[in-house]
Amino acid sequence: MSTRTARPLFDPPIVKRAVLDSLRKLNPRHQLRNPVMFTVFLGSVLTLLLFLQALGRIGGESPWFILAISAWLWFTVLFANFAEAMAEGRGKAQADALRKSRQDVIARRLANNKLYEMVSSKDLSLGDIVVVKAGELIPLDGEVIEGVATVDESAITGESAPVIRESGGDRSAVTGGTKVLSDFLIIRCTAKPGESFLDRMISMVEGAKRQKTPNEIALDILLAAMTIVFLLACATLVSFSHYSVIAAGRGTPITLTVVVALLVCLIPTTIGGLLSAIGIAGMDRMIQANVIATSGRAVEAAGDVDVLLLDKTGTITLGNRQAVEFTPATGVTIERLADAAQLSSLADETPEGRSIVVLAKQKYGLRGRDVEGLGGHFISFSARTRMSGVDLEGRKIRKGAVDAMENYVKESGHEFPRSLREQVDQISKAGGTPLVVADNGQALGVIYLKDIVKGGIRERFAELRRMGIKTVMITGDNPLTAASIAAEAGVDDFLAEATPEAKLNMIREYQAGGRLVAMTGDGTNDSPALAQADVAVAMNSGTQAAKEAGNMVDLDSNPTKLIEIVEIGKQLLMTRGALTTFSIANDVSKYFAIIPVAFASTYPELGRLNLMGLSSGILSAVIFNALIIVVLIPLALRGVKYRAVGAATLLRNNLVIYGLGGLLVPFVGIKVIDLILVGLHLA
Amino acid sequence: MNTYAAIEIAVFFVILLALVKPLGLYMARVYQGTPCGLNQVLLPVERLIYRLSGVRPDSEMTWQRYAVAMLLFNLFGLLAVYGIQRAQGLLPLNPQHLGAVSPDLALNTAVSFASNTNWQAYSGESTLSYLSQMLGLTVQNFLSAATGMAVLVAFIRGLTRQKVAEIGNFWVDVTRSTLYILLPLSFVLAIALVSQGVVQSFGPAIDVTTVTASTDAEGKPIQTQQIPQGPAASQIAIKQLGTNGGGFFGVNSAHPLENPTPLSNFLQVLAILLVPAALCYTFGDLVGDTRQGWTLLASMLLVFVPLLALGLWAESVGNPRLADLGVDANASLLQSGGNLEGKEVRFGVGASVLWSAATTAASNGSVNAMHDSFTPLGGLVPMLLMQLGEVIFGGVGSGLYGLLIFAIVAVFIAGLMVGRTPEYLGKKIEAFEMKMAALVILIPPTIVLAGTALAVSFDAGRAAVTNPGPHGFSQILYALSSAGNNNGSAFAGLGVNNVFYNSLLAIAMFGSRFWLIIPVLAIAGSLARKKQVPISAGTLPTHTPLFVVLLAGIVVLVGALTFVPALALGPIAEHMQLLSNSAP
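Protein chains in written order, with the working numbering: chain A, 1 to 683; chain B, 684 to 1267.
Hints in this document: simulated from the structure, not taken from any laboratory.
In this text the structure is predicted, and so the values were computed from the model without any measurement.
Ideal Cβ positions, reconstructed from N, Cα and C, are used throughout, including at glycine.
A hint or two may mislead.
[Claimed, not checked] Some, not all, of what chain B presents toward chain A, calculated at C-beta under 7 Å:
| # | residue |
| --- | --- |
| 1 | V1101 |
| 2 | G1102 |
| 3 | R1103 |
| 4 | M1117 |
| 5 | T1129 |
| 6 | G1155 |
| 7 | K1214 |
| 8 | T1245 |
| 9 | L1252 |
[Said to hold, decoys possible] Below, computed lysine to aspartate or glutamate pairings styled on DMTMM-like, alpha-carbon distance capped at 20 Å:
| # | chain 1 | residue 1 | chain 2 | residue 2 |
| --- | --- | --- | --- | --- |
| 10 | A | K133 | A | E117 |
| 11 | B | K1118 | A | D220 |
| 12 | B | K1214 | B | E849 |
| 13 | B | K846 | A | E509 |
| 14 | A | K212 | B | E1113 |
| 15 | B | K1214 | A | E509 |
| 16 | A | K454 | A | E352 |
| 17 | A | K450 | A | E463 |
| 18 | A | K192 | A | E143 |
| 19 | B | K1213 | A | E509 |
| 20 | A | K122 | A | D199 |
| 21 | A | K454 | A | E488 |
| 22 | A | K396 | A | E335 |
| 23 | A | K429 | A | E335 |
| 24 | A | K450 | A | E352 |
Build the full structure now, drawing on both the sequences and the hints.
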């Protein structure tokens, strides 16, 4: 799975499979799903019949011309099939890898009498309880009800480091197909066989259950309408041409082959042929980013998001606070405070503790010492005492939360200095966490622990603002702390002392104002908010409930991923819009290629419109129309690049590239193809 | 084109644009029900109308009820006009003692005036009594125009309202459009036209002895001439202001008693574009952002001005083949030059081409020159302006709601390009809106192309053609383009007063009017139910020069691409023949 980000666009095995698939997709039932390409398909069949008919006839249109047109119409259909197959192929390759981990395993099902029976994982049902021992695969999605174990989830996440799964809390969900590495787990099955996360993931990456998204449906309607209008324009042209022959008294009416060629060139085949590939590729890009979306609709909605709710910890700030300053109480030297702080933290393995040691070394040159070697005894942090420290050479050094330490100091018969109180308040106001240090009951000073805003996150938020997306920080901190971190990180708004209800209400409020809200979450208490949000990304490390409530799962469990998800959603829509524009703009040049030739026998004067000086305009236009699909496959699969500039700039850039480009490129392309045809003596 | 014509056209645009804001603001107030200046006089009248007709002005309608009211109202009008024509021989105000109109012509005319098309397969002075003209046609001129404006206002409500099902009251919208807007404007214009010599009388036609004797087609001497009379000025005012276009006399505004002077001509051509242009401002005001309205107007001008320029150029150059015959068609001190065939000398090339473009851009259709006699490209301009779907100015109300549908399509494509679900004025454009918009855009070209195909395939259709070659095809295509887009302009030259064309064109006119209004109202209803998405940096701005270009581009690409092959066999082939010197 770790190879999925590295897979090249045209991977030979995928291309091979796509070529075969594109032939398989010639099935009319498949073609019928796409009105634009179905029209081309009918045109190819019709021209093929016209060719057969022309073979047995003398005079009239050259059968080889008809065959050439027919062949290129078939290619047009095949190229569109190929684009779709390519997009699907990438997903299929991944699905194959996933399938390998979805083997049937023999599970130990716990029966009522505390004995277990061996059953195939296929025969398990919802609510069954199974025991999985070290080295075994977990048979189905479930929730750990007993035990702690390390689990290898690389089959799902691609992350090779094992994770811990235990009963209770937010790490109780396990996924079928992952492997228990140590200990054992007792698991209650929360999915039926065939409906597990892995199954859903497989069908998702394969695109098997792909349904058209709302925007895709709307675009389909527009494309179908344009197809109908051009169908009408071409169909009526036959009678117009007949009349013109009578009125002008010369020439022959336009042939059916030319009408079909004109029709196929005019209907939006470029976007029609690439439309489903774009959709599948969008899902695929999500998977490349290690995000599994439950539907294409969710991917599309990501592009529309106006508000991002981001958890402070882990998303905006590094998970851990860091010591940034020592402030001694009056009458205490800073060196003494630093020394005590360092001693109390040397054996403290928490990130905060380590950061104190680092600060003491960097600022005061205190080197690390071996506390155990000095005969010290480390007192670790407990929820009851809310302090930690060390007993060393008769000294009792402690550090901890302010109120706990205040009590400790007073109980030891010392005063809690007023100056320290002020320091503590100042740190709190600035959004930091104060830790008081005491030596044998005497308060020495305070350590300033600071939330460290992630590097580059401020720029990311500025980028989001340019995209028109509002960022809201969610935190359990008090409003003062929250405000200061919010200001530092550059978010637009924050929700302090957030409860699950407050989160839910906030989402509802934004939605009532017409905004689309995205959020990430992992805990069970996030589930209501996740269910309410329009784009809800659950962390893979989170609980089953959270995963069920969200419409995407981030396998990397990286909350910053939301930003990437929004970009992928936008890219998806942009690619559709850009290719639609390109497709429509193409029509202008095709008229100049086809019209002068189509009525040449009736009105040779129309030859003046042959601006490109083509010798076989119709064939060249048809070939261009087919080849442009192939040329644009990489664009369809990769997506139009999204840059976080405002909508106005984005529109201007894309209009110039795909609108103006779409107008001009075919003039050049058709001329080049015509020159090649002439060079090969085919024209 | 000479300097005077250039100055006239420049002055025309300056005055037109200067009137957009005051009139637009006035209409916005009318529809909002806020004081507009004429309340003291007209409010009692408005209330009286509601009292007499039993309308409860504050009871609002869903889009379905609105559509039903609109359809019933227009069906009633259609039947009334049909009845009056059929019974005119028995009715008063008929000094020429004209008999009943034939059923197919009466139906064609009734549909024509109910659908704001005003296609005329008859000559007013020899077919219709004064009563038919006044009670039938003039009344429909007001009401069909008011219907278009009502639907526009309902559509705007759909854009501005949130989470409601109602889009206004049809009866109130029609009453206000007529009473506060169309009637006062028509009154002023009618007086101005009378001052220029447009007739307004109930007297019978006057027989006069001609000053110089002449002969008719069969060589018989003509000594007397009948000068038609009638209540013309009152009908002509609304014919122009309501983008109706149906002339009182057969040759429409080319007739000296319908359009006697250059000044009356100027006022009439101004009246053609006045309300459609000003409604853009009304739109902007009602949606709370006048830039949105100016954007739409700018898009219209971006299509209109180049096409007008093309027409002016083609007509000023004239027919190159005439020069081969030694005819001097250049402008000089002695003549205004250009192609003057079919044009009134008192208007000349400039004012005639300006009119031809204005009357076809707006779905007016009145003429002051015979488009059949224009050069191929000069004739292509009015034909193309109609084929664009009558959204470049278009009919009063109907032009703007048509353009708004194109705006929805433009926003859809462009919105995707900025990576969001498309939205227009904060309303999300989704599958239902696209479905309805697709209908609105599909129906007119379907009617035009299928109708033309029918006409060229049947003997009855071909027999009406009076010119050989591509020009004959242009005649048919023009007639269908006109009826299929509710314009009513005639190319002249095509013999259309027969059962075949009367029926075909009646169907075309009916379909392209009412089959479009229903999906338009459906979109209004759907939009009214939606929430308004707040504007952010990620929102596609729809008030920028870029959007002007985009919208105009979509109108041209989607609207015109369909007709390129057909045009190639008509005016384009004819033009190429002129250039190639090889006409048969």
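Return the status of the interface hint for M1117 (chain B): holds when the least beta-carbon distance to chain A is below 7 Å, violated otherwise.
holds (4 Å)
For K1214 (chain B) and E849 (chain B), compute the direct alpha-carbon distance and say whether it is at most 20 Å.
Roughly 14 Å separates the two Cα atoms, so the pair holds.
Has the given pair, K122 (chain A) with D199 (chain A), been kept, meaning a C-alpha gap of at most 20 Å?
holds (13 Å)
Has the given pair, K212 (chain A) with E1113 (chain B), been kept, meaning a C-alpha gap of at most 20 Å?
holds (13 Å)
Would the hint linking K846 (chain B) and E509 (chain A) be met if the CA-CA limit is 20 Å?
holds (16 Å)
Should the hint that T1245 (chain B) touches chain A count as held when the rule is a Cβ pair under 7 Å?
holds (5 Å)
Quickly compare the C-alpha distance for K396 (chain A) and E335 (chain A) to 20 Å and report which way the hint goes.
holds (18 Å)
Given the hint that K429 (chain A) pairs with E335 (chain A), test it: the Cα-Cα distance must not exceed 20 Å.
violated (25 Å)
Taking the closest Cβ pair, is G1102 (chain B) under 7 Å from chain A?
holds (3 Å)
A closest beta-carbon separation below 7 Å is what the hint needs, so does K1214 (chain B) meet it against chain A?
holds (4 Å)
Is K454 (chain A) close enough to E488 (chain A), meaning Cα to Cα at most 20 Å?
holds (10 Å)
Interface restraint verdict for L1252 (chain B) against chain A (beta-carbon cut-off 7 Å):
With a minimum Cβ separation of about 5 Å from chain A (threshold 7 Å), the hint on L1252 (chain B) holds.
The structure fails to meet hints 17, 23 from the earlier list, while all remaining hints are met.
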